[in-house]
Each structure stands twice: as structure tokens, then as C-alpha cells.
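Heads up: the sequence lines are chains A and B, in that order.
Mapping to UniProt numbering: the first sequence position 310 is 310, numbers consecutive.
Mapping to UniProt numbering: the second sequence position 26 is 26, numbers consecutive.
Just so you know, the hints here were simulated from the structure itself, not pulled from any lab data.
Backbone N, C-alpha and C fix where the C-beta goes; we use that ideal spot for every residue, glycine too.
Be aware that one or more of the hints could be misleading.
[As the list claims (entries may be wrong)] Far from chain B by the CB rule (all over 10 Å, computed), these chain A residues: (1) N40; (2) F75; (3) P117.
[What the hints assert, rightly or not] Coverage of chain A stretches by chain B, computed from C-beta distances (three or more under 8 Å per stretch; other residues unrestricted): (4) 140–149; (5) 281–294.
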Amino acid sequence: MTEAVIIGVGLHPFGRFPGKPALDMGADAVRLALADAGVNWPQIQGGYIGSYEVANPDAIVARLGLTGVPLRGVFNGCATAGTAVALAARSIETGEHDLAIAIGLDKHPRGAFAADPSVAGIPSWYGQTGLFLTTHFFGMKINRYMHDHGISHETLARVAAKNFGNAARNEKAWRRTPLSVAEILASPVLNHPLRQYMYCGPDEGAAALVLCRADQAHKYTGKPVRIRSTALRSRRLGAFEVQSPSFPVGEIVASPTVDASREAYERAGIGPEDVDVAQLQDTDAGSEVIHMAENGLCKDGEQERLIAEGATEIGGRLPVNTDGGLLGNGEPIGASGLRQIHEIVLQLRGTAKDRQIPGTPRVGYTHLYGAPGVSAVTILST
Amino acid sequence: MTTTQKPVAEGLFTWPPDGSAPLRLIGSECVACALVSFPAAQDCVRCASAESKERLLAERGTLWTYTTQNFRPPSPPYDGPEAFEPYAVGYIELPGELLVEARLTEQDPEKLRIGQEMRLTLVPYTVQDDGTEVVTFAFAPAEEETP
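All chains should be built: construct the whole structure from the sequences, respecting the hints.
As C-alpha cells, this is what we get:
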């Protein structure tokens with residue numbers, strides 16, 4: 001089977017862009033990715049595009065060129081971009097296309113996501129009585145995790161401070177003002193133990209990747225980034241998951257993150273010890289802590305020491321969320337995971353400028369997680 | 001003057017409260033594999049059987065985890081009072097049955113601890129324009145006596 005490689009990446013800044021439609025941000029990101037790859041739109045043979053707010057993201061063809069290209073819409077909540085890149089890679093691997101594109105775009109209104117529980121197959125009372133908030137899950141999961149594994153409030157604040165600090169070095173990030181651990185610990189609690197400056201917010205942005213067959217990459221770039229594996233898993237019975245009015249007693253079943261991560265490592269023939277840089281879903285600071293362990297990058301509880309030592313900072317031995325992550329960039333759902341891959345590609349090319357990690361990174365890792373209990377992992381390498 | 005109360009939904013908990021029929025959550029049990037579900041579900045998510053029977057759940061359990069809600073949730077779907085009072089939510093492990101998510105009567109996280117004993121109660125969480133109190137289930141620390 002042919003391998004898929006990334007030859008072009010494009011990112012529209014994340015943040016707030018009043019008056020600019022999501023499709024325009026998406027078209028900007030696509031043009032940047034095409035220019036980066038040195039190809040033009042009519043050469044693209046197929047692709048996948050994801051969005052939460054735009055019901056017909058494939059309408060982007062009207063901005064890019066009406067070439068008749070098969071552009072398929074995809075959606076998996078916060079893991080949407082994982083699906084877009086996986087299917088674009090699959091279209092190359094199977095020989096369907098030689099050049100394909102993955103696109104994500106979104107434009108969320110301010111404030112927490114508000115939806116009727118029926119969209120998640122949950123009765124109305126769950127929303128009426130104030131239980132249908134994904135932030136409850138994040139607060140409850142990290143509260144239990146801190147209790148079981150000795151993670152401190154300071155560690156949560158250090159994660160947030162790191163990601164805002166990284167975002168300050170990223171001209172395309174949203175939250176670019178560095179915040180100290182003390183400032184973060186002084187912000188109001190939203191959902192115990194999580195505070196205002198420990199949460200990401202929904203915002204706007206777009207990203208795109210151009211993929212081609214590995215054996216043709218030399219025509220476009222000297223530094224292709226290989227897609228070593230993609231995996232997506234949904235929750236299993238017994239896992240503690242977002243938007244669950246109840247779940248079974250007994251041994252807690254692993255999160256879909258653990259399942260997707262194991263599958264991705266196995267398919268890639270790469271282990272956690274090989275990862276040089278990781279982008280993990282940091283919906284909140286606690287999520288980043290938990291996801292370090294769930295993705296096999298450390299043992300439960302080790303985060304307390306690793307984060308205190310600075311291991312996850314740009315100069316550390318396992319840099320995490322070098323572009324600021326979701327905390328620094330916000331989360332335009334359809335684009336978020338492609339933003340992660342964009343960052344890994346820059347790091348592996350050695351072109352991440354102020355936030356470039358030292359040495360010669362070879363393996364990058366990206367991870368998404370969200371409602372209704374779905375996770376996507378993509379492993380990349382030089 | 002009496003206050004009229006009504007449950008937020010039918011079939012969620014035993015109603016009306018009555019000395020002969022104590023308050024319980026109404027769950028279900030799969031006839032084929034005995035998986036307990038809440039709210040009651042006809043179809044089993046473990047064995048895919050479409051046959052279940054009603055099961056009233058235990059009224060006591062232990063607090064598995066918790067958090068607080070310190071800002072007013074978006075409306076809709078939330079239909080609590082405009083004047084927002086923070087509340088806490090948690091998962092209570094009902095031994096041998098399931099872990100159920102519920103509002104807690106204690107909203108101070110310093111007064112809650114993982115593993116503590118909890119018992120089922122009802123709370124009027126909002127009042128309709130005609131004065132009717134809408135009641136939902138909640139769990140209270142077991143050592144705290146509530147009417």
C-alpha cells in the first residue's frame with residue numbers, strides 16, 4: 001500500500017474575526033496550504049472537509065474553483081479533523097487519489113456550547129436541570145484524577161501558564177498574553193477544581209493540509225512529513241465519559257483516548273518513547289495532564305514531577321502543545337486537529353521559529369478528544 | 001397556602017413522595033444480561049437485548065467524584081432561575097448497580113469528599129411562572145439531615 005505524506009500546510013489564525021465568514025477563513029487556509037505544497041487547486045483530486053457551525057462546508061468549492069472535485073463533508077465533534085486527515089490519507093493509500101486535501105473550518109459564537117441534550121440522545125431533563133455541560137465532565141474527571149494520583153492545583157496552573165506562554169510565541173494564536181501560575185490560580189473557579197484561565201474557549205479559524213503519495217513527494221518538497229498512522233475510537237461500555245447520566249459499576253474501562261492511542265502506536269510501529277513532540281487535547285489544563293498518561297507518554301501521577309521539572313515545555317524532553325494548544329488557540333472544532341498537525345509539520349521541518357524545539361525531532365503525535373466520547377490520534381514522522 | 005410541586009420528568013423517580021412508597025430512582029435491568037441502566041432504557045447497550053424490566057435503584061451510595069457549576073448554564077436547555085446560585089454535581093456509586101450523575105445539595109467543594117456516604121433526596125431546582133416548583137433528584141451527604 002502506498003504511504004501518504006503531507007507536502008503542504010495552511011493555517012488561518014485562530015481567534016475572533018467579525019464579519020469574516022468561516023468559508024473565507026477556510027479558503028485562506030487552503031490557499032496557504034496549496035502555496036506551501038507548490039500545487040494549485042485544479043490539481044487536487046479529492047478531499048475531506050469538517051465543520052460544526054457550517055452545515056455545508058463543501059460549499060468552499062465556490063471560493064476555490066468549481067473543478068468538480070469530490071469534497072466530502074465529515075464530522076466527529078472535537079475529533080472531526082482526525083477523521084478528515086484519516087480519510088484523506090486513506091484516499092492516497094488506497095490509490096484513489098495522488099493529491100488530496102483535508103480542510104477544517106469553524107466560527108463559533110462566544111460562550112459555552114449550548115445544545116439540546118436530544119442531539120446526544122439524552123432526555124430533556126438532563127439539560128433543564130443543568131447537567132448537560134461538558135465542562136462538568138472535565139471538572140469531575142480531573143477532580144477524581146487528582147485524588148487518585150496526587151496531582152496538585154499548581155500543576156494545573158503550570159500547564160495553563162505553559163500553553164499561554166507558547167501561544168505568546170505564535171503569531172497565529174488567540175490568547176497571546178502570558179499568564180503566571182499565580183494569576184491563573186487567582187482566576188475564578190468555573191467548575192471545581194478548574195478555573196477560568198484553565199479552560200479553552202470556542203472561537204474561529206481554519207486549517208488545511210495537502211497530501212500526496214510518498215513516491216511522488218520529491219516533486220513538491222524536500223521535507224515531506226509521513227502520516228504513519230491514524231486511529232479513531234468511540235467510548236466503550238464502562239468508560240467514564242462526557243454526557244453520561246450514568247455508567248456501569250465495576251472496573252473503569254479505558255477511555256477512547258487509550259484505545260485510539262494504542263491502535264495508532266501499533267499501526268505506526270512507533271512507541272511512546274519515540275515521540276519527540278506532542279499536541280494533546282487540552283480543553284482544560286486537567287485534560288492535558290490526564291491525556292499525557294492516556295496517550296502512553298507517562299505513567300499516572302508522574303505528571304506532577306514532569307511538569308514541575310519543565311519536561312513538557314519547548315526546551316523540555318517531551319514538549320506538549322508547543323503552539324499554545326487549545327488553551328492558547330481556542331477551539332474552532334472542525335479546524336482544531338488540523339492546527340495540531342500544522343504545528344507538528346512545522347516542528348518536524350524545523351521551521352517553527354521562536355517556538356522551534358531543539359535538536360532534530362523525528363516523530364510527532366497529535367490527539368483529539370470530545371463529545372460524545374470519541375478520540376482521534378495521528379502519528380507523524382520525518 | 002400550599003406550594004404545588006411537579007417532577008421535571010415522569011418516570012425518573014417515584015412520585016409523588018408517599019410514606020408507603022419511599023423515594024427511589026427508576027432504572028431498568030436488562031432481562032437477558034442484567035445490566036442496570038438509568039434512566040430506564042428498553043434497549044441494552046451491553047448485549048443489545050430489547051427487553052428490560054423496571055428496577056428501583058438504591059437510595060444510598062458513595063460520592064465517586066464531583067465538581068461545581070459556578071456560572072449560569074446556557075438557556076435553553078437550562079431552565080433554572082434567572083438569579084443564579086452555584087450548585088454542585090457529582091457521580092454517586094450505587095453498589096452493584098451503577099454510578100449516577102446528579103445534583104448535590106451541598107455546593108461547597110470544601111465540604112464534599114470523594115468516598116463519602118450520600119443519600120437520595122429531591123430538590124425544587126426552579127419555579128415556574130405560575131408558582132409551581134419543579135423538582136428533580138439530588139444526593140445529600142448522608143450525615144446531613146434534610147427534611
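To see whether the hints hold, each was checked on the structure:
1. N40: holds, 43 Å
2. F75: holds, 21 Å
3. P117: violated, 6 Å
4. 140–149: That given contact holds, which follows from 5 residues of the region 140–149 of chain A lying within Cβ reach (below 8 Å) of chain B.
5. 281–294: violated (count 0)
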